[in-house]
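First to last, the protein sequences are chains A and B.
The opening residue of the first sequence carries number 0 in numbering that gives the first Met the number 0; numbering runs sequentially from there.
The opening residue of the second sequence carries number 0 in numbering that gives the first Met the number 0; numbering runs sequentially from there.
There could be a bad hint or two in this list.
[Said to hold, decoys possible] Pairs of lysine to any residue, SDA-like flavour, derived with a Cα cap of 25 Å:
1) B/Lys136 / B/Asp197
2) B/Lys48 / A/Arg131
3) A/Lys25 / A/Lys310
4) A/Lys351 / A/Lys310
5) A/Lys133 / B/Leu74
6) A/Lys310 / B/Gly125
7) A/Lys133 / B/Asp197
8) B/Lys136 / B/Phe181
9) A/Lys133 / B/Leu303
10) A/Lys14 / A/Lys310
11) B/Lys48 / B/Ser259
12) A/Lys306 / B/Phe239
13) A/Lys22 / A/Gly205
14) A/Lys133 / B/Ile244
15) A/Lys306 / B/Gly132
16) A/Lys14 / A/Ala29
17) A/Lys306 / B/Ile244
18) B/Lys136 / B/Leu74
19) A/Lys133 / B/Ile130
20) A/Lys133 / B/Gln307
Think of the hints as simulated: they come from the structure by calculation, not from any bench.
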Amino acid sequence: MFYREAGQYNTTYEKDMQVFPIKQDKIGIAIWLVLAYLFVPFFGIPGLEYGFAMNAIMIPVLIFTITTIGLNILVGFTGQISLGTGAFMGVGAYACYKLTSYFPDVNIIVLILASGFVSAIVGALFGLPSLRIKGFYLVVATLAAQFFLEWCFIRVGWLYNYNASGAIEVPQREVFGWIVTGPSAEPVTRYLVVLSILIFLAIIAGNLTRGRIGRSWMMIRDMDIAAELIGVRPLTAKLSAFAVSSYFIGVSGALMVFMWLGAAEVESFDVNHSFLYLFMVILGGLGSITGSFMGAAFIWTFPIVLKELGKSWFGINATVMENVSLVAIGVMIVVILIAEPHGMARLWQIIKQKLRIWPFPH
Amino acid sequence: MLDFLYSIFVGPFVDMWSLPDFLIQVLWEGFVSGVLYALIALGFVLIFKASGVFNFAQGIMVVFSALTLVGLTELGVPAFLALIITLGVMYMLAFSVERFVLRKLVNQPDIILFMATIGLTNILIGLGQWIFGGETKTMITEQLWLPTGSSVWEPGGGLVIFQHIDIAATVIAVLMIVGLGFFFSYTKVGRALRAVADDHQASLSVGISLNQIWVIVWFAAGIVALVTGIMWGARSDVSFSLQIIALKALPVLVLGGFTSIPGAIVGGLIIGIGEKIFEIYWGPLFGSGVEGWFAYVIALIFLLFRPQGLFGDKIIERV
C-alpha cells in the first residue's frame with residue numbers, strides 16, 4: 000500500500016537507469032540521510048550515552064561497512080573467497096601512517112583516500128594466483144597474504160618508523176580548522192568524516208557493480224569459462240576486482256586506525272578479524288551493497304546488545320555472553336546459508352515485495 | 000653483496016655441516032611437527048573425499064576434542080571414561096553436522112558449504128570456551144599412559160635429545176594411518192566410503208546411504224582430530240591458539256593434493272621439516288618468525304606450477 004510504484008512512469012532512459020528509480024526508495028534514502036547527518040550528530044542513539052553510542056557503535060559500524068562493501072565486491076560479486084581482509088586493512092593503515100609522516104601538511108582525508116591505492120596494489124599482487132587457481136586453493140593464497148603481511152607489520156621497522164612500542168600512533172591533524180584525528184578530536188567530527196567517506200565510496204561501489212565492470216565480475220562469478228567465451232577477460236576482471244576490493248578495504252583500515260582506534264598494533268589486523276568481516280558479508284548478503292550495511296551493523300552490534308541484555312536482565316557476566324554470541328552468530332551463519340543464501344539483503348527485498356501488495360495479497 | 004649471497008647460499012650449509020647433531024635435532028623436530036600437520040590434513044582429506052566439503056572446522060575439532068577430554072578429567076571423570084565420553088561427543092557432533100547442516104545443504108555450491116563450516120568453527124569455539132573456559136590447559140599425559148621422559152643419543156660426541164612423547168606420537172600416527180588404510184581396503188564400510196569418494200550418484204544407485212557415510216566419515220575425522228589433539232596437547236598444551244596453527248594443514252593439502260591420503264602425509268612432512276630448517280638456518284636473515292608464513296608462501300609458489308598438488312587428481316574443467 001505504501002510501497003507501490005504504480006503511476007510512476009520513466010519517460011527517458013536516464014530516468015529508467017537511475018540508482019533508485021522508485022519514489023518511495025528516494026524518500027527512504029532521504030530519511031536515512033537526514034537521520035545520519037542531522038539526528039545522530041546531535042542526539043546520538045536514543046537511550047545510550049552519547050560518547051558510547053558514537054565511539055563504540057556508530058563509528059565502527061560505518062568503518063566496517065566500507066570493509067564489508069570491499070570484501071563483498073570480491074566474495075559476493077566476483078566469487079573469489081578471501082581470508083586476507085585483516086591484513087589488507089593493515090596495509091591501508093600502515094600506508095596512511097607512512098604518508099602522514101612524509102607529507103604532514105597534506106589534508107588527512109586526501110591521504111586516507113590515497114592510502115587505499117597502496118592496498119589496492121598489494122591486493123592485486125596477491126590476487127595474481129587467482130588467475131590460475133580458484134575456490135579453496137585461493138583461500139590458501141589469501142592466507143599466505145594474511146600471515147606474510149602480519150609478519151611484515153612486526154618485523155619491518157620502517158613501517159612504524161622504528162618506534163619502540165611497535166605500534167602506529169595517530170598524529171593530530173586538522174581539516175579546515177577542525178581537529179579530525181588524534182586524541183583530542185571530537186567523536187562528532189570523526190563520525191561525520193567517516194560517514195561522508197562511506198557515502199562517497201558506497202555510491203562509487205553501487206555504480207561500479209551495476210556498470211560494465213561489475214557485470215563482468217558477476218559473469219566471472221557465475222561461470223568463468225562461459226564469461227571468457229563471450230569476451231570477458233579473466234585477467235582484467237579478476238585483478239580489477241582484487242584491486243577495487245582492496246582499495247575499499249585499505250581505506251577502511253586507514254579509517255579504523257585514524258578515526259576510531261587512535262593507535263594500532265598487529266592484533267587489530269589478525270586472521271580472526273578477517274573471519275569477522277567474512278561473516279558480515281555472508282550474513283548481510285553476498286553480492287549486495289545494501290546487505291553490506293546490514294551485515295556490518297548486525298555483526299558489530301549483536302554481541303554488544305547481547306552483552307548488555309545478559310548483564311542487565313539475567314546478571315550473566317560478559318565473558319559468558321561473549322561466547323553465547325559467538326555460538327549464536329555461528330548458528331545464524333549456518334541457518335542463513337540454509338534458509339536464505341542471499342542473506343539479510345534478500346529478506347529486505349522480500350519484505351519490500353510483500354509491502355507492494357499489502358494489504359490485498361492478490 | 001657477496002656477503003649476502005654467501006649468507007643465503009653457503010652459510011647455512013656450512014652451519015649444517017659443522018654441527019651435524021644439531022641438524023639431526025632440527026630434522027627430528029620438523030619431522031614430528033610434520034607428522035602432526037599430516038594428521039590434521041588427514042582429517043580434511045577424509046571429509047573432502049567423501050562429501051566434497053572443505054571442512055574448515057577440522058582445526059577447531061582438534062582443539063574441541065582435546066578440550067573435552069581434559070575438561071572432563073578436571074571434573075573428576077577417570078581418564079579412560081573421559082576418552083569414551085569424548086568419542087561419544089565427537090559422534091554426536093558428526094551426527095548433528097550431517098543432520099542439521101550437510102543434509103540441508105546438499106547440491107549447494109562448494110563455497111556455501113565451506114562457509115557453513117566456518118560458521119561451525121564459530122559455534123565450536125563459542126561452545127568450547129563457554130563450557131570449559133578459555134584458559135590454557137595441560138594435557139593429561141600420565142593418565143593416558145603416554146611416556147613423558149626423554150632419551151639422549153650421542154652420535155660421535157654430539158647430542159640429540161628425543162622426547163618420548165614425540166616418538167609415541169609418531170608411532171601412534173603411523174598405527175592410525177595403517178589402521179585407516181586397512182579399514183578402507185578390507186571392510187564393507189571402508190569400501191562404501193571409497194565408492195562414495197569415487198562417484199556419489201553411482202554409489203547411491205548401488206544402495207549406499209550417503210547420509211550414513213557422511214556421519215561415519217565425520218566421526219572418523221573426529222577420531223583423527225582427537226588423536227591429534229592429545230598428541231599436540233601433550234607436546235605443548237591445550238589452547239585455542241592451536242586453531243591458528245591448525246590452519247597450516249591448508250598449505251599441506253595444497254602440496255599433497257586435496258584428495259590423496261599419502262599426499263597429506265608427504266605434504267605434512269615436507270612442510271614440517273622445511274619450515275623448521277628454514278626457520279633455524281635462514282630465519283635470522285629475515286628476522287625470526289618466518290615459521291608463521293613459510294608454509295603458505297611455499298604453497299603459493301607451488302600452486303602456480305602444479306595446482307592439483309603432488310598426488311592429487313588432475314583438475315579437468317568441462318563445460
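If you draw a straight line from the CA of A/Lys133 to the CA of B/Leu303, is it 25 Å or shorter?
The given pair, whose Cα atoms are some 11 Å apart, holds under the 25 Å limit.
Does the alpha-carbon distance linking A/Lys133 and B/Ile244 stay inside the 25 Å limit?
holds, 23 Å
Hint consistency between B/Lys136 and B/Asp197 [alpha-carbon to alpha-carbon, up to 25 Å]:
violated, 41 Å
Would you check the hint for B/Lys48 and A/Arg131, treating anything up to 25 Å between C-alpha atoms as holding?
holds, 22 Å
Need the status of pair A/Lys25, A/Lys310: alpha-carbon distance at most 25 Å?
violated, 40 Å
Pair hint outcome, A/Lys310 versus B/Gly125 [Cα-Cα no greater than 25 Å]
holds, 18 Å
Does B/Leu74 sit within 25 Å of B/Lys136, going by the straight-line distance between their CA atoms?
Within the cut-off at roughly 13 Å; holds.
Between A/Lys133 and B/Gln307, is the straight-line Cα distance small enough, at 25 Å or below?
holds, 11 Å
A/Lys14 paired with A/Lys310 [C-alpha distance capped at 25 Å]
violated, 51 Å
Is the Cα-Cα distance between A/Lys306 and B/Gly132 25 Å or less?
Satisfied, since the Cα-Cα distance of roughly 17 Å is no more than 25 Å.
Measure nothing beyond the straight line between the CA atoms of B/Lys136 and B/Phe181; if it is 25 Å or shorter, mark the hint as holding.
Answer violated: B/Lys136 to B/Phe181 is near 34 Å, above 25 Å.
Hint consistency between A/Lys133 and B/Asp197 [alpha-carbon to alpha-carbon, up to 25 Å]
Roughly 22 Å between the alpha carbons, so the hint for A/Lys133 and B/Asp197 holds.
Checked against the numbered hints given earlier, this structure breaks hints 1, 3, 4, 5, 8, 10, 17 and 19; the rest are met.
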